Amino acid sequence: MFDLQSIRPGRRALLLASVFGAIANGAKAQTASPRRGGTMVMLVHPEPSTLAAYAVSAGNIPPVTTQIYEGLLTYDWDLKPAPLLAKSWEISPDGKTITFRLQEGVTFHNGQPFTSADVQYSFMEIAKKVNPNGPVILAELTSIDTPDPLTAVFNLANPAPYLMVSLSANYIPIVCKSVFEGTQPMQNPSANRPIGTGPFKFAEWSRGQFIRLDRNDRYWKPGLPMLNRIIARFIPDASTRSAALEAGEAHYAAYSAVNAADIRRLQANPILDSTTRGYGMTAALTTLEFNTRRPNLAKKEVRQAIAYAIDRQFLVDNVLYGFAKPATGPLSSVFATQGFYTDQVRRFDVPDRIEIANRLMDEAGFPRGADGKRMSLYLEINSFGEQWLRQGEYIKQALAQIGIDLTLRSEDTATWLRRCYTDYDFDINEPFYSAGADPVVGVHRHYVSSAIRRGTTFVNNKDYRNPELDRIMDAATRENDHAKRAELYHQAQQILVEDSPGAWLCEVQYVTIFNRKLHDHTGPLGAYQALDRAWLER
Amino acid sequence: MRRWRYFGYRLLLAVPVIFGILVLNFFLIRLAPGDAASVLAGESGAATPEYTELLRQKFGLDRPMPEQFIAYITAALRFDLGFSFRNDSPVLDLILERLGPTLLLMSTAFTMALALGTLLGLLAAVARNTWRDAAISVATLICYATPGFWLGLMLIVVFSLTLGWLPTSGFENIAEGYEGWERVQDIALHLVMPAMALGLFYLALYTRVMRASMLEQTGMDYVVTARAKGQTETRIMFGHMLRNAFLPVLTMAGVQAGNLIGGSIVVETVFGWPGVGTLAFTALQSRDLNLLLGIFFISACIVVAINLIVELLYVLLDPRIQA
Numbered sequence: 001m002f003d004l005q006s007i008r009p010g011r012r013a014l015l016l017a018s019v020f021g022a023i024a025n026g027a028k029a030q031t032a033s034p035r036r037g038g039t040m041v042m043l044v045h046p047e048p049s050t051l052a053a054y055a056v057s058a059g060n061i062p063p064v065t066t067q068i069y070e071g072l073l074t075y076d077w078d079l080k081p082a083p084l085l086a087k088s089w090e091i092s093p094d095g096k097t098i099t100f101r102l103q104e105g106v107t108f109h110n111g112q113p114f115t116s117a118d119v120q121y122s123f124m125e126i127a128k129k130v131n132p133n134g135p136v137i138l139a140e141l142t143s144i145d146t147p148d149p150l151t152a153v154f155n156l157a158n159p160a161p162y163l164m165v166s167l168s169a170n171y172i173p174i175v176c177k178s179v180f181e182g183t184q185p186m187q188n189p190s191a192n193r194p195i196g197t198g199p200f201k202f203a204e205w206s207r208g209q210f211i212r213l214d215r216n217d218r219y220w221k222p223g224l225p226m227l228n229r230i231i232a233r234f235i236p237d238a239s240t241r242s243a244a245l246e247a248g249e250a251h252y253a254a255y256s257a258v259n260a261a262d263i264r265r266l267q268a269n270p271i272l273d274s275t276t277r278g279y280g281m282t283a284a285l286t287t288l289e290f291n292t293r294r295p296n297l298a299k300k301e302v303r304q305a306i307a308y309a310i311d312r313q314f315l316v317d318n319v320l321y322g323f324a325k326p327a328t329g330p331l332s333s334v335f336a337t338q339g340f341y342t343d344q345v346r347r348f349d350v351p352d353r354i355e356i357a358n359r360l361m362d363e364a365g366f367p368r369g370a371d372g373k374r375m376s377l378y379l380e381i382n383s384f385g386e387q388w389l390r391q392g393e394y395i396k397q398a399l400a401q402i403g404i405d406l407t408l409r410s411e412d413t414a415t416w417l418r419r420c421y422t423d424y425d426f427d428i429n430e431p432f433y434s435a436g437a438d439p440v441v442g443v444h445r446h447y448v449s450s451a452i453r454r455g456t457t458f459v460n461n462k463d464y465r466n467p468e469l470d471r472i473m474d475a476a477t478r479e480n481d482h483a484k485r486a487e488l489y490h491q492a493q494q495i496l497v498e499d500s501p502g503a504w505l506c507e508v509q510y511v512t513i514f515n516r517k518l519h520d521h522t523g524p525l526g527a528y529q530a531l532d533r534a535w536l537e538r
Numbered sequence: 001m002r003r004w005r006y007f008g009y010r011l012l013l014a015v016p017v018i019f020g021i022l023v024l025n026f027f028l029i030r031l032a033p034g035d036a037a038s039v040l041a042g043e044s045g046a047a048t049p050e051y052t053e054l055l056r057q058k059f060g061l062d063r064p065m066p067e068q069f070i071a072y073i074t075a076a077l078r079f080d081l082g083f084s085f086r087n088d089s090p091v092l093d094l095i096l097e098r099l100g101p102t103l104l105l106m107s108t109a110f111t112m113a114l115a116l117g118t119l120l121g122l123l124a125a126v127a128r129n130t131w132r133d134a135a136i137s138v139a140t141l142i143c144y145a146t147p148g149f150w151l152g153l154m155l156i157v158v159f160s161l162t163l164g165w166l167p168t169s170g171f172e173n174i175a176e177g178y179e180g181w182e183r184v185q186d187i188a189l190h191l192v193m194p195a196m197a198l199g200l201f202y203l204a205l206y207t208r209v210m211r212a213s214m215l216e217q218t219g220m221d222y223v224v225t226a227r228a229k230g231q232t233e234t235r236i237m238f239g240h241m242l243r244n245a246f247l248p249v250l251t252m253a254g255v256q257a258g259n260l261i262g263g264s265i266v267v268e269t270v271f272g273w274p275g276v277g278t279l280a281f282t283a284l285q286s287r288d289l290n291l292l293l294g295i296f297f298i299s300a301c302i303v304v305a306i307n308l309i310v311e312l313l314y315v316l317l318d319p320r321i322q323a
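Taken in order, these protein sequences are the chains called A and B.
Counting from 1, one number per residue, gives the positions in the first sequence under the numbering used here.
Counting from 1, one number per residue, gives the positions in the second sequence under the numbering used here.
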């Protein structure tokens, strides 16, 4: 799903949270005691096109479907695996066998008991075949044995260190085998009437208005969920979404649901509060992509000069309203906790960056013309929201300082995607990507040469080919030793920043706005996690 | 009898018009680059070309255009508007589900604009060059110049956030689950602001047209005659002038029924109103061509129907208009 965020960059990126904790952390005084019942209203934007979370990974689907479907695992605040449908697991020393013991007494919403056969089917027949993340996350998974109904043994061809961080419901939901068997997964009736094991059951979808979820009275966690009902409301206009929160009509808005420009105002509202927690697995970046097929951009010096010319702090302060942090390279500093991140790379935020940039342009053989211009380029404006146009306007001015005449081109989503990922008819593109829980999930495909796939969106459209980087990333995919793996990622960041096939602008964090009457709503996975403990004060 | 023959003739004329719209839409819409499969695949992030091709086959986008065209037209003639793959639902169902709210919104806005506009125009004309006339003119000018979406947002700020009288958005309060009469009241409350945002522009327009039209009639011979006959001013106005003065307003209203559908896209988006407008907007963004064509078709039918009604009203108001 994180990929999907790459798709909806606009709205999301807006909501970056201040890395310095400028935002209240939602640590409110818990005076009231938990109360059962009530209907919670959350804002989801845009309205999902489908609820087939097992086959479509758009980022607006999991806030709804993670209430219904559960994954084998969930993650704690350190993003370490925690039990859910699997209550324990063992990984063999060679990393090639993972044995999961499953939770007993779990039933699907249709009354069928949950067994290891459902796990096997969900992975081998559904996730591997129709989930867009399947080919990456499950590349090494060869088979699943089911020695008994409550044991599932995963057999891998090679160690896959990223697998254990990608088993939550937002990546790989566990579906009911008997519902799917003998049908086309994409055409299954449960695509839009999902049947899972989660705390809430699908009740109704009124297109253009809302999705209603009702309490699962037979949920396997005793005493949960607290709420009777969850309503996901869809309001197309950003200002109206903010107004619905201010008026108390909606209780919860995560990710893209409110405009960054509105966040400060909403935070000042006495009935509302905000938190930046729950986004640890997104690791999102705003970036530029350079089409190295273009002779001008084939020169490394030109690409580096562009990276030098941009003042990232300006973007943080003025385009992202302070809810962000300057980026240093292709990995977000969120990965520092795992040791993957390094800032020991070529730094573009030096005081004399404009002089360096101009010198690089001269060296590359692009002297200023009579009008002071060295070259003209196009920037393709990301179609997901106004933020991207603002960013483009700044970049146009920044590049003018080094003699690049930039023209901004705004097109609608379909046209933009086609131009940048199928026709390759672009100079510079300004997309957005989320690394997800592991670089393998969301970062590799932007840079390795095997991911140059015409017609596939959000992959290596830059025609960047570096055998050395390919080798390092390939090794990092299989390396079971954590320290060695971290070292490989440090090397990869140094190579990428030096080559600059793209420029990395800002690290994006998000803000969740919620009504103070709503409690216990934000877990480690934020909006991509079941609201089984959430409760509403009267 | 002749009246009905005229009406039937008009009805017959509508058939080629609608067919022309069908054909034109089909080809125009395909001029836009990108298709539903690429958008859907794009939203999945890392979709493979095989996945995109799979979608394309499923949507029938891989077949030659003439084949797609013939399939579309024959299906449309049976009123089968195809299937929206993105929404996983037949197009007709999707549109019918949304048509009710849109028709409710349009008819409320339209009726309000027409009734109040006529009334205000009349008042302004009667009190020409007084403070009342001036006040109405200023008010209408403001309404006329204000964009609908801004008006909508301001209404939300005033009536929902500041005063707390009306709900900000939506069609009804789902969390409460009202039924029966309570539900009707609830929907009516939700309807107030969208209808105002959509209707005020037209209200202003009709007021101005009505005022001008009334003033034009004042100097007409038949008015002088009526006055010479000794009729009261009230009777002259309501018995004679009103009917004549109303014709230009009606013409305007008929022509603008189409605009009302366009305007409803903006207003529905602002208020989260679950109508055809928002459906059209999302369908366009996601290149859901079947759905978009279906909406164009239904909208065209509505416009043609409204124009027919207007023509019928002409004949009733002014018996001289008969071919």
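Keep in mind the hints are simulated off the structure, nothing from the lab.
It cannot be assumed that every hint is accurate.
As the list claims (entries may be wrong) - The following residues of chain A were derived to be distant from chain B, with all beta-carbon distances above 10 Å:
hint, residue
1, Pro34
2, Val41
3, Pro46
4, Trp89
5, Lys96
6, Ser206
7, Pro222
8, Ile235
9, Glu246
10, Asp349
11, Arg409
12, Thr456
13, Glu487
14, Glu498
Claimed, not checked - Using C-beta positions, here's what the derived DEER-type ranges look like:
hint, chain 1, residue 1, chain 2, residue 2, range
15, B, Leu54, A, Glu355, 31 to 41 Å
16, B, Leu141, A, Glu393, 45 to 55 Å
17, B, Leu54, A, Arg409, 40 to 50 Å
18, B, Leu103, A, Pro189, 24 to 34 Å
19, A, Gly248, B, Ile187, 47 to 57 Å
20, A, Arg409, B, Leu103, 37 to 47 Å
21, A, Gln187, B, Val192, 37 to 47 Å
Nothing here was measured: the structure is a model prediction, and the numbers come from that model.
Heads up, the beta-carbon is just placed ideally off N, CA and C, and yes, glycines get one too.
Hints versus structure:
1. Pro34: The assertion about Pro34/A holds, with a minimum of 20 Å to chain B.
2. Val41: 6 Å, violated
3. Pro46: 7 Å, violated
4. Trp89: 26 Å, holds
5. Lys96: 25 Å, holds
6. Ser206: Label violated. Min Cβ-Cβ 7 Å, cutoff 10 Å.
7. Pro222: Per Cβ check, Pro222/A is outside 10 Å of chain B; nearest 27 Å; holds.
8. Ile235: Violated, since 4 Å does not exceed 10 Å.
9. Glu246: Nearest chain B Cβ is 6 Å from Glu246/A, so the label is violated.
10. Asp349: 30 Å, holds
11. Arg409: 13 Å, holds
12. Thr456: 6 Å, violated
13. Glu487: Non-interface label on Glu487/A holds, nearest chain B Cβ at 26 Å vs cutoff 10 Å.
14. Glu498: 26 Å, holds
15. Leu54/B x Glu355/A: 31 to 41 Å: 52 Å, violated
16. Leu141/B x Glu393/A: 45 to 55 Å: Once the Cβ atoms are compared, 34 Å apart, the range 45 to 55 Å for Glu393/A and Leu141/B is violated.
17. Leu54/B x Arg409/A: 40 to 50 Å: 30 Å, violated
18. Leu103/B x Pro189/A: 24 to 34 Å: About 30 Å separates the Cβ atoms of Leu103/B and Pro189/A, which means 24 to 34 Å holds.
19. Gly248/A x Ile187/B: 47 to 57 Å: 20 Å, violated
20. Arg409/A x Leu103/B: 37 to 47 Å: Cβ of Arg409/A to Cβ of Leu103/B: about 39 Å, so the range 37 to 47 Å holds.
21. Gln187/A x Val192/B: 37 to 47 Å: 42 Å, holds
Checked against the numbered hints above, the structure breaks hints 2, 3, 6, 8, 9, 12, 15, 16, 17 and 19 and satisfies the rest.
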